Structure formats: C-alpha cells, structure tokens
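Chains as they are written, first to last, in the working numbering: chain H, 1122 to 1426; chain Z, 1122 to 1426.
These are computed hints drawn from the structure, not numbers from a lab. On a predicted model such as this, the values are computed, not experimentally measured, just so you know. From the three backbone atoms N, C-alpha and C, an ideal C-beta is built for every residue, glycine too. Worth double-checking, as some hints may not be accurate.
Unchecked claim - Derived coverage of chain H by chain Z (criterion: at least 3 residues anywhere in the stretch with Cβ under 8 Å from a Cβ of chain Z; other residues may be distant): (1) 1207 to 1217; (2) 1225 to 1239; (3) 1243 to 1249; (4) 1313 to 1323; (5) 1358 to 1366; (6) 1405 to 1411.
Claimed, not checked - Facing chain Z, a subset of chain H residues (Cβ under 7 Å, in silico): (7) T1178; (8) W1265; (9) A1349; (10) L1371; (11) R1373; (12) F1374.
Number of protein chains: 2
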Amino acid sequence: MEPYRRVALIGLGLIAGSMALAMRRAGMKTEIVGTARTEATRAEAARLGLVDRVVDTAAEAVAGADLVVLAVPVGAMGAIAAEIAPHLAPGATVTDVGSVKAAVVAAVAPELPGGVHFIPGHPLAGTEQSGPGAGFPELFDNRWCILTPLPGTDPAAVSRLRALWQALGASIDEMDPDHHDLVLAVTSHAPHLIAYTMVGVADDLRRVTDSEVVKYSAAGFRDFTRIAASDPTMWRDVFLNNKAATLEILGRFTEELFALQRAIRTGDGEMLHAYFTRTRAIRRGIVEAGQDTDAPDFGRIPVRR
Amino acid sequence: MEPYRRVALIGLGLIAGSMALAMRRAGMKTEIVGTARTEATRAEAARLGLVDRVVDTAAEAVAGADLVVLAVPVGAMGAIAAEIAPHLAPGATVTDVGSVKAAVVAAVAPELPGGVHFIPGHPLAGTEQSGPGAGFPELFDNRWCILTPLPGTDPAAVSRLRALWQALGASIDEMDPDHHDLVLAVTSHAPHLIAYTMVGVADDLRRVTDSEVVKYSAAGFRDFTRIAASDPTMWRDVFLNNKAATLEILGRFTEELFALQRAIRTGDGEMLHAYFTRTRAIRRGIVEAGQDTDAPDFGRIPVRR
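My request is simple: use the sequences and hints to build the entire structure.
As structure tokens, then:
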C-alpha cells in the first residue's frame, strides 16, 4: 500500500495533534501540513513542532495533499469542505474524524468535486483535554476507528486509509453512517449528555456545596466529571447533528430510569438486585476485550496531594 | 491516642479486607479478628491470611474487642447489631462502613447496650470488585472518611476512631447523618443509579449488539460500566435505605435532562454550549483537590490485547 506523501490536517486539536505525533512515531516520511482557524492555535502548533508546516488557510493546506483530514467540530465540516473544494488535488482522499457520520456525509459530500475520494471516519479515542498541546502519540493504540465509506467508493482508496489508521495503532471497522450514529448514541453521545446533566445538577444544588461535591467525588461522581469536561463546542455540534439517535436513546434511558426510581420508591429490592446483577456482565466483556482494565481505581496512577 | 488492642471485622469484603491490610501496612500491633456470613468467604479470608483469626459467628468475633466494625450491606446492619449486642465488651466502640448513615443509625443505635460508643462512619473509597480477595492496603490513601457521631458521643472515643482512619491513610470529616445522605446521594448514589440505568439500556437494545457496545465502549460508555459493576446487594441496600435523598436528586436530574433534551430537539446550541462550559469548572476543582488525575485516559495503565 502506497503511503500518503502529503497529509493536510484541517484543525489542530487533540485528534489532529495525536495523528501527527502517531505518524512520526510510526516513522512515516509523509509531509504533514496543518492549519487551524485561530492564529493562537496555529502559533501553538508551530511552537510545539506538531507538524512540518503550519499554514494560514485550509485552501493552502490542502494544495498538493493526497490526504486531507477534516478535524474540526462537526458543525464546521460543511463550510470547510466548500472552502477547500476548488483546491483539492485530483485523486486526493478527504476524510474526517467527526463523532457523527450521517450529518457529516450530508454536509461534506455535495461540496466535493468528482475524482476526490471522500471516506468519512471516526477514531473512537479522546480525552477531556483539547487543543494542540493535548495530543499524544498513543491515543489511538488499541482503539477502534470506524470508517463509513459510501457505496461505490474506490476500494483501493479505502485500503490506503485503513493502512494509515492501522499504522497509528487503531483497529478498523466499517459500517454505514446511520448505524454508526446509533451505536455512538449508545456508547458515547447519551453517556456524555447524562454525565453533563449529573455534573450540572451537582453544581446547581443549594443544599450541597461545590466544595463538598469536589471533596467527596471519588465515591462515583468524578467518573462523570471527566467526560463532562470534554470540549463544549465539539459536543454541542455532536448533539445538534445526531439528534434523532441521541433522543431515541435518551428516551429509552428515561423510561428505564423511571422504572428503577419506582422500584426504589416501592422498595422492590428484588428488581433492583436483578438489574444490578445483569449490568455486571457487560463490564466483564469490556475488560476481556481489552477496552479497560480491572485494576483497582481504573488503574489510575495514584494522585498525591 | 491509645490504639485499639483488638478489632473485630464483621464482614470480610473489599472494605474490611482493605482495612486489615492497611492496619498491617501501618505497623499496628492490633489483633484483627474477622467473620463473614458464608463459609466460603470465611475460608477465602483464612486462606489469604487477611486477619489474625477467622471465627464463625459475629458474637464470637466481638468478644473482647475494643473496636467492632460492621462491614456488611446496609440492610444487614440492624440484625448484626442485635446479634452482637449481648457480647460486646463494656466501653467498646462500634462503627460501620455503610454508604448510608441515617438508616444505619436508626437500625443499629437502638440495639446497642449503654456503655458502648456507637460512631457511624463511611470511608469514601471502593472499586467495582468485591469479596475478601478484592482488598488492597492503599484503598483509603488520600480518600475521605466521614464520621457521623450522634450528639453526646464521648469525644475521646471519636478521636480514637479518627486516629485509626488517619493511620489507614484517610482524611476525616464529621457531619450529621442526614447531610451525609444528601451529599452522598449527589456524589455517589444518583451517579451509580444513572450508570446502572445506562448500562441496562445498552444491554437491552435490539438494534445495537452487546459486542458493538463492548467494542466501542472507550467512547464514554466504559466509564459508566465500572460503577455499574459494583456489588448488587450493597447497592440494592443503599437505594432502599437512602430513598428520600436519592429520589430528590434523581428528580432534579430528570428535570435537567429534559431541559437539555429539549435544547437538542429545538436546536438551541447556545444553551448546550453554556451548559457544557459550566460543567468543566467542577472537573478542574476535582483535579486540583487531588481527587483525580488529568493524565490522559484517567492515568490508566495501558491495556494491551
């Protein structure tokens, strides 16, 4: 598989930065060109030496690139696609790293010229940090990257992109965009909204102070705060662009939550015990699949005051 | 402060086991006697050498002990208190490690004879593992232990118990049982129920398979599965014994969740962005307070397949 000669990263946040670092770790000779919307982000990326060249505009970045990676919030993808379209090299591949796929396909595909391969993608990796300094080369190790190629996409172009992600440490799956959006609504979007909500409730209570919430957070709450500290712009766009699936899962969630609340209110210990026993099995599956550790405290490095 | 000469651990699960190991780590000469309801647990604790002596009954365990620790599910505390009452040494301290305090006070206090110091307690530490083999000596390091002594409790007895928990690595706070139950409803009980619910929903969907949920869990969901893998009996009892506060917080949670769902449905990006920005601040507080790490991936030890 011929590696890419020049990769353009549009957006220089956690994901793009980690891609650049992972490409270097893999020893790729690829030239990496990057750009970002704000001068501050471009300056920080340049200072960190994240990429070979930082340029001011997306149009400049994609010139001569055989791979273009759209690594901006989902809501910004369509405008970027329109901006770069006239400047794309013939035969180039355009991919993205957005957490939503159907809306990105709808926004990006119509903008791109013929002869360009558009292969939507989503690496399932991240942290609550954002910005150029947040990236690290191991981010994609042992994580999944889901590609959602449209019918008729050139298989060779897909293979080439798969090879890149594999070199970055990821395993690759393919599925259609709508199924991706439903799977992610369950595994990511609904959990994030729920975590944001719980943290908001805690912050809002008059009878329990913020400092009590912080002090006693190790009892469960802090595991919600990490995902509720994720980038606000990215997540606003995720929810606005995966409405149907997210609302479907939240509807199911509310239904179940009401059933459990009712069991608490009526004192139905049997129902609660059976429910809590069933949910243990999924955890075992996740640990067995190597997607988490069962070391105490998540395998966290001990924190010392 | 005079250390305890003999400590009786009633129940030999994660918390009691960790207490025994932490007492040894601290170099205490205290004799540790333990018992558990099932023969299998007692045999495993004996095999692991968790305590100096494993005995068959709670009555036997408390004989001659100057500290008795009730480390059983909250719903079992009252019956245990009644069982041990006639066998307690005069002047002994009885404490517990239950996650709920008002209900434990109501169940235990009336059973205990005069001349015994009852000091309810709750170490805010745990993992999703349970049983005698789950304990480890560092469990309480840098964690809080909340004591909820009743008015009129002997201050010397409280100081002596505080000194024990400090030797095990914990910091101590005191508050009244009702406030404890509200604070824990926010920081622990509601988050656990929500996590159980989300994992139950994922398990129940027909259109997304369990294996997809497991494979793609690193996108947020897996952080819910750890707390949803906690001991079912313990958690059933927590919810049944902290009904009012848990249902109050869940009511507030549902209200907020509906407001966010509505913002998604109506496309109110401004509201979502403002909400998600606010919740970041709490996370910073938790990291600054040393209750979590901001290392990538929770500071998890990398998992390799």
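Quick rundown of the hints versus the structure:
1. 1207 to 1217: violated (count 0)
2. 1225 to 1239: Violated, because only 0 residues of the segment 1225 to 1239 of chain H bring their Cβ atoms closer than 8 Å to Cβ atoms of chain Z.
3. 1243 to 1249: Our answer is that it holds, as 5 residues pass the Cβ test (under 8 Å) against chain Z, meeting three.
4. 1313 to 1323: Our answer is that it holds, as 11 residues pass the Cβ test (under 8 Å) against chain Z, meeting three.
5. 1358 to 1366: With 4 residues in contact (Cβ-Cβ under 8 Å with chain Z), the coverage given for the segment 1358 to 1366 of chain H holds.
6. 1405 to 1411: holds (count 5)
7. T1178: Nearest chain Z Cβ about 25 Å off; hint violated.
8. W1265: OK, holds: W1265 (chain H) within 7 Å of chain Z, min 6 Å.
9. A1349: holds, 4 Å
10. L1371: At 6 Å from the nearest chain Z Cβ, L1371 (chain H) passes the 7 Å test, so the hint holds.
11. R1373: This interface hint holds because 5 Å falls under the 7 Å limit.
12. F1374: Holds - the Cβ of F1374 (chain H) comes within 7 Å of chain Z, reaching about 5 Å at its closest.
In summary, the structure is inconsistent with hints 1, 2 and 7 from the numbered list given earlier, while agreeing with the others.
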